[in-house]
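Fit chain C to the given chain U structure using the hints.
Number of protein chains: 2
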Amino acid sequence: MSAEGGTSFCREWSKVFDPASVAVVGASNFPGKWGFNMPLFLLGGGYRGRLFMVNPRERRVLGLRAHPSLTSIGEEVDLAIVAIPARSVPAAVEDAAAAGIKALIIVTADFSESGPAGAALERELAEAACEAGITVVGPNTMGVFSSSSRLCALGAPVFPRPGGVSFISQSGNLGVQALNAGRRLGIGFARFIGSGNAANTDIPDYLDYLADDPLTRVILIYAEGLKDGRRFLEAARRAALSKPVIALKAGRGELGRRAVRSHSGALAGDIGLFRSACRQAGVIEAESSDELMDLAAAFSVLPTPAGEKAAVMTLGGGWGVVAADACDREGLELAQLPASLIEELDLLLPRFWSRRNPVDIVGNVRRANHLRIIESLVECPEVDLLISMGTLLGRGFFLDNLLNTALRPFLHLLFERPAEVPAFLLSLAKGSLRSLRRRGSFDREGSGGLDLTETRAWTDSYLSSYLQKLMDRSGKPIINVAVNERENAASRSLRRYRIFTAATPERAVSVAAKMARYARTRGSALASCPSRPRLLGEAQPLNMPEKVEGSGLAPK
Amino acid sequence: MSAEGGTSFCREWSKVFDPASVAVVGASNFPGKWGFNMPLFLLGGGYRGRLFMVNPRERRVLGLRAHPSLTSIGEEVDLAIVAIPARSVPAAVEDAAAAGIKALIIVTADFSESGPAGAALERELAEAACEAGITVVGPNTMGVFSSSSRLCALGAPVFPRPGGVSFISQSGNLGVQALNAGRRLGIGFARFIGSGNAANTDIPDYLDYLADDPLTRVILIYAEGLKDGRRFLEAARRAALSKPVIALKAGRGELGRRAVRSHSGALAGDIGLFRSACRQAGVIEAESSDELMDLAAAFSVLPTPAGEKAAVMTLGGGWGVVAADACDREGLELAQLPASLIEELDLLLPRFWSRRNPVDIVGNVRRANHLRIIESLVECPEVDLLISMGTLLGRGFFLDNLLNTALRPFLHLLFERPAEVPAFLLSLAKGSLRSLRRRGSFDREGSGGLDLTETRAWTDSYLSSYLQKLMDRSGKPIINVAVNERENAASRSLRRYRIFTAATPERAVSVAAKMARYARTRGSALASCPSRPRLLGEAQPLNMPEKVEGSGLAPK
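The listed protein sequences correspond, in order, to chains U and C.
Going by this note's numbering, the first sequence opens with residue 5, and the numbers climb by one from there.
Going by this note's numbering, the second sequence opens with residue 5, and the numbers climb by one from there.
Next up, chain U with everything else stripped away, as it sits in the complex (with noise of 0.2 Å):
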């Protein structure tokens, strides 16, 4: 509404994310209202600046003395979150200039979103801001949350763990639902902002205070309808420069358009401009929700392919071919294997293994084989990426083993055939016997056996801290799918060894060949432009190329 307000003023982002001082305009002692719910997450995102609860018509706000108005505070205030009905606001921002307040979140809603008035109201409160010097969050925002100040200004109960990804949405519950996911896969989150209606601050503002923000590593976006397409074209290519930013846009098709109108109030725009602009900008461009998180949490863990060409390896053939499919239409290369490689698998797996990209490894069930090939694939000279399906093994490996294979059918003879158990049980000991004293051979001619001595390497730990070693080593991602395990379990395996999982293969090749393009675009990027600029410092380096001492387009 009020693009023009977007660049006038110069905002003070340390109130909105790190502000020493709160306010709660609106504050209620009611539960599931706004005024309550924003204090309690505050307290229960354990934010320790001060807090102060401002209500005209309470004496205490969850314990807290409330004040009749900002300006009868009397102390400095950093930052005001406004949550009363949306004819009351702009009395609300004149209170906050009053007494000096530079940033405000404005959760209510009401405003350009729900028609003419609203918009009128929405322009007025935006204009006033402005002349104050405020930045505004909102109105009709989900709030904020900042790792830095441990602040959860936000209007549902997420608690994000601190991390290197900042997230600047558009769809506050879509933002909040997306923190949440994140604490399931494992992505720790540094800001998080709901931009909402954007009166006087809009995606590109965000874009330019994240760009040069040290803890952001990793940006996403949720935009429905850009209100200046060439402002977000710049910030974005700016942003892209050091750091990966990946964005979904939503308000693609008629009915998607219509939708946006009436949430954010925004005029959605072309998808196919949205998409050039990407391009042009380097953003990585995220088709769905999932891929959205998907992106986020490779992204914030695996070092950048050098190139396109992907080695798969499966264990069984049907997984191989959706795999491929994937590549075909994702256009990620796969590797060829030179004659050396396949010399030396040759040696690790079944006389009639394919010989070809995807590896399928036919069932092999030596884990120092299987170990082997991974190390081998990921070594090769050819291959920039491993995606690596059937190696993840869950939690619960062991146990799900044991009960299926041996105390299952256990149980089942005893309660149905119990004089056969003592013949089983002998059968087993000596069969278990016969696998010991075989140990480290490997029969080519087919499925060779367990090896019971490896059994500590199947665990997800070895597994997981294996894979961490060899990509710290060769620099290249190895991209995991775990199609038969439960979620938590490769989930809580990624949060421990920082590897990211995809749920199905079409999900990894996916997440590959975007992150094989961006280093694509991200080279000649870099290589178009005359002064690289200077990339941030991290204590988990995302593989970029080394730091460049900054100059004029450089972040300062």
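Among the hints, erroneous ones may be present.
Since the list can't tell identical chains apart, any single copy or any two copies may satisfy a pair.
Said to hold, decoys possible - Straight-line distance between alpha carbons at most 25 Å, and here's what the computed DMTMM-like set of lysine to aspartate or glutamate pairs gives:
id, residue 1, residue 2
1, K473, D99
2, K434, E62
3, K313, E458
4, K313, E258
5, K231, E135
6, K434, E131
7, K231, D212
8, K473, E258
9, K231, E16
10, K434, E337
11, K231, D22
12, K231, E383
13, K434, E424
14, K473, E98
15, K473, D212
16, K313, D476
17, K313, D350
18, K231, E379
19, K434, D232
Derived from the structure by calculation, the hints contain no laboratory data.
Positioned in the frame of chain U, the structure of chain C alone reads:
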């Protein structure tokens, strides 16, 4: 390889799916070998028929007496599982023929998929089997599951829940992992067949059997290559007249086709031809492995919609936009809400709700309103199906919410500002009292706050049974989306109440679109069919048209 043999003899399917006795050729005591796993999993699955071990070099296998050959058993064997190296398989087929066995599951690999020598060997065994009237599943198969005889003749420890879904999979690994996923998603299976290299029995033969199988209510197919497109088309068309047939075709692009060649030895053929065959036959095509399972779950528990007009209800606008975009993409219509319905909803929603479909309930936290909105939408004559987002809550709802909204801030206060705790608790108590006094009322100005008396209505079980009753009454499907829930909770609820829950709005829309299209094409297929085929009676009807007595075209 020998499609010509495909129809040249009469298959005794009961020997494959309901064998009274099973022999394992190549039975072994060596852990991990196929000859060890198969009988172990047969026992583990609770197979109750007689089990014979065949191995000339062992005295006992898994406690059972080992016979030197099939002929030496001296008792009737319905089904033999062959797990010996490829070069010895032809002799085993001869042995089976001599013993009068009519069904073989040949798990051995290294046949047509590995090159010309293997192909010759496969032809040889196929011819011998056809001559002897033996139905061969495989070679290179993961095996067979059949719920009626509790037959888990599989190479992996997978024990599906019995149910109405049957699955023909050209990939064993993908197949058994789907069976595994089915356990998690609450999908019950009637039969599973790993068709493997399909020496003398192929997908169309299995389709013919499943079309008439009273236990099978939904048919899934994973196909890489079809040896005889015409036969597939005929069989699929016949099957699709009596039950939903859902197919995932792999080997679509160049990389995929090459991967198929080396996996199952099949020719992948053209995806365009397959697609048009599916359309002609009334087969529902899945686009990904995820979608195959989504469709299986949805078709096995939901009524079929009468048309293509969807209502979308969402707790937050962003997800509504994402769903509307998906509708654009998948060709699903959004129902126009009649004025009377809008008036009805006006009473239940904040003043500024969008008054259109998707219905954004703007974070409404009154459960009574929430449920009445769902009911109004489902009962609206303009609406054929409902996609409902943010309705399922997960088992941890109370615990999570108690922890996050009350306990968490309390603990922070306790440890950081203990002096404020008494006043905090007093405020909470006062607010709760106020909420209880205002129960049933609803403030249309904004977030109305919680009604603490609605506690029970917020549980999973309450909602699930509510939705189930609504579906039973209206005959319209309700597809839930559980974006922010743990998958476990959603699937547990699904299992218990037969509610289909999609993981994202995109997946929900995709399933809804395919169900709607199925309903339409099925309607026209039935109309154009001179005498409509008999439909199978079912305990949990799939909401198909009334039964019509059979005739020439009907399954026998």
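Outcome of the hint check:
no.: 1; hint: K473 to D99; verdict: neither (57 Å within a copy, 52 Å between copies)
no.: 2; hint: K434 to E62; verdict: between (79 Å within a copy, 11 Å between copies)
no.: 3; hint: K313 to E458; verdict: neither (32 Å within a copy, 56 Å between copies)
no.: 4; hint: K313 to E258; verdict: between (37 Å within a copy, 16 Å between copies)
no.: 5; hint: K231 to E135; verdict: within (20 Å within a copy, 74 Å between copies)
no.: 6; hint: K434 to E131; verdict: neither (84 Å within a copy, 39 Å between copies)
no.: 7; hint: K231 to D212; verdict: within (16 Å within a copy, 58 Å between copies)
no.: 8; hint: K473 to E258; verdict: neither (48 Å within a copy, 34 Å between copies)
no.: 9; hint: K231 to E16; verdict: within (22 Å within a copy, 68 Å between copies)
no.: 10; hint: K434 to E337; verdict: neither (48 Å within a copy, 64 Å between copies)
no.: 11; hint: K231 to D22; verdict: neither (27 Å within a copy, 66 Å between copies)
no.: 12; hint: K231 to E383; verdict: neither (47 Å within a copy, 39 Å between copies)
no.: 13; hint: K434 to E424; verdict: within (16 Å within a copy, 69 Å between copies)
no.: 14; hint: K473 to E98; verdict: neither (57 Å within a copy, 52 Å between copies)
no.: 15; hint: K473 to D212; verdict: neither (35 Å within a copy, 52 Å between copies)
no.: 16; hint: K313 to D476; verdict: within (19 Å within a copy, 52 Å between copies)
no.: 17; hint: K313 to D350; verdict: within (22 Å within a copy, 56 Å between copies)
no.: 18; hint: K231 to E379; verdict: neither (49 Å within a copy, 37 Å between copies)
no.: 19; hint: K434 to D232; verdict: neither (75 Å within a copy, 47 Å between copies)
In this structure, the earlier hints numbered 1, 3, 6, 8, 10, 11, 12, 14, 15, 18, 19 are contradicted, and the remaining ones agree with it.
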